[in-house]
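Quick note on numbering: the sequence shown equals residues 1 to 145 in our numbering.
It should be emphasised that the hints constitute simulated quantities derived from the structure, not laboratory data.
The beta carbon of each residue, even a glycine, is placed where N, CA and C say it ideally should be.
Misleading hints may appear alongside valid ones.
Said to hold, decoys possible - Quick list of simulated restraints, FRET-style, between CB atoms:
#1 E58 x V94: 14 to 24 Å
#2 P112 x E51: 28 to 38 Å
#3 E24 x G92: 52 to 62 Å
#4 Q69 x V94: 43 to 53 Å
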Amino acid sequence: MSALASESKVDNQFVDVSAYLTSEADIEAWYQLTRNLKQNFDEICGDTFCEGEYSNIESLRFRCSVNAQTGRIGQCVWVFAASNEEVDPTTGAVTVDARTWSCQAPLAPNTPMRKFLTALAGNAPLYATLPRTQTTIYDGLVTCL
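When you get a sec, could you build the whole thing from the sequences and use the hints?
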């Protein structure tokens, strides 16, 4: 393998955000962001996404990949799960229809992780405008859930 090809592979190595962040402040900002996203979703679920067949949608995890060299985000996804159960009145059997969703955050290409953390700091990251876009994570959920 040539040195140029080897450098290209290193430049494009993506890691989980938890492996990328090293400072206590950034790590705490990430965990606060994920807690606030879950809380924001829980606050609106009953009036929006959790009406209808799947009334118990739960946030499982918000996760991002980050280029280890440049700090730019590759992708962020928010995974959800829900179920609908029906009881057969004759047999007592419970039939479960389980579902998962993987919702991609509508990020601008090559969004720097630090700008992402700064833009979504605060109590309502679900509604914060994503860097270099006119969209929010909420907007991404509308087209996904």
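Results for each hint:
1. Between E58 and V94 the Cβ separation comes to about 19 Å, which falls inside the hinted range of 14 to 24 Å.
2. Range check, P112 to E51: about 36 Å between beta-carbon atoms, so the 28 to 38 Å window is met.
3. Between E24 and G92 the CB atoms are about 53 Å apart, so this pair conforms to the stated range of 52 to 62 Å.
4. Judged by the Cβ atoms, the range 43 to 53 Å given for Q69 and V94 holds: they are separated by roughly 50 Å.
Of the numbered hints stated above, none is contradicted by the structure.
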